[in-house]
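Per the UniProt record's numbering: the sequence shown = residues 1 to 267.
Treat the hints with caution; some may be incorrect.
Said to hold, decoys possible - Derived pair list, reagent style EDC-like, types lysine to aspartate or glutamate, alpha-carbon separation capped at 16 Å: (1) Lys161 - Asp174; (2) Lys201 - Glu76; (3) Lys201 - Glu5; (4) Lys201 - Asp174; (5) Lys161 - Asp150; (6) Lys201 - Glu41.
Said to hold, decoys possible - Computed Cβ-Cβ distance ranges for the label pairs, DEER-style: (7) Glu153 - Ile80: 32 to 38 Å; (8) Leu227 - His250: 21 to 27 Å; (9) Leu72 - Arg171: 26 to 32 Å; (10) Met255 - Arg67: 16 to 22 Å; (11) Phe159 - Arg95: 25 to 31 Å; (12) Leu227 - Leu114: 40 to 46 Å; (13) Pro64 - Ile163: 15 to 21 Å; (14) Phe159 - Met255: 27 to 33 Å; (15) Ser213 - Glu153: 24 to 30 Å; (16) Leu56 - Arg252: 38 to 44 Å; (17) Leu208 - Arg67: 43 to 49 Å.
Just so you know, the hints here were simulated from the structure itself, not pulled from any lab data. Model, not experiment: these values are computed from the prediction. Glycine included, C-beta positions come from ideal geometry on N, C-alpha and C.
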Amino acid sequence: MDLREACLACLRRGPTAMFEAALWIAAEHDPLLRPRQVLAELEHLRHRVAVNLPSLPPRELAQPLLRQLCALDFQEDEDIPLSPHAALIHQVLRRRRGQPLSLALLALEIARRLDIPLHGVNFPGRVLLRVPGADHLLDPCTGRRLYAGDCRELLRRQFGKVISLHADHLRPCDAHTLLQRLSRNLRELHLLNNAPLAALKDAERVLLLGPPSLADHLARADIYQLLDCPEGARYDLQRALLLCDDPGEHLRLNMRLRQIKSVSAVH
């Protein structure tokens, strides 16, 4: 079984092995990674967290769990520019620094092992966490409670303008959604760090993990063009055209397709 199939197999299990799937994603970029070894390391971390949790009902332990991770120095990676290490889950476990999504995946796995109810929330710009039925969200980097006003402020800080808070922003999401978002993060980080071949692996995985968007096909088309692969770029631009309902964007995509054809004719 290859690495990509191992990742997808984790998502077909019952229950879904989301953290292990994230490790197989990381293994596509690190040939020395052994997911089973990392899972054993995670069990040691689970034990360290568990012994310091208060004696409370499981649904009240999510915030203490996140605070324990903070006490163990797990923090948001604020390096500029950010490297792919901030999203590769085994590096996050070892460096104790990561993007909010990567820290959320770590917290979700420890919560699962401790029977603490906790879900991921695909919030715009920053993945958050939620205890089922709670009236607040949790920041995976700090454990801070976020109510509606905090979420609106978070949207404003992330996007620099007023964006309406919708119920869809606050709903739990499944493993496919979180891992697709992880793959998008890795795609952008690898591009930022001049690694287009690595970014192509992530772009391909994005399209496998959930319904592809116009932006996902355009992102892969851009990578194919960086790699001087016009056939791949043409395919994704054609798929983007099928998903496009904006007349102006439709015109721009057709122009890009014609440019690719004219360049190919010169060769």
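- Task: Kindly indicate which numbered hints from before are broken by the structure, ordering the numbers from low to high.
- Result: 1, 2, 4, 6, 7, 10, 13, 16, 17
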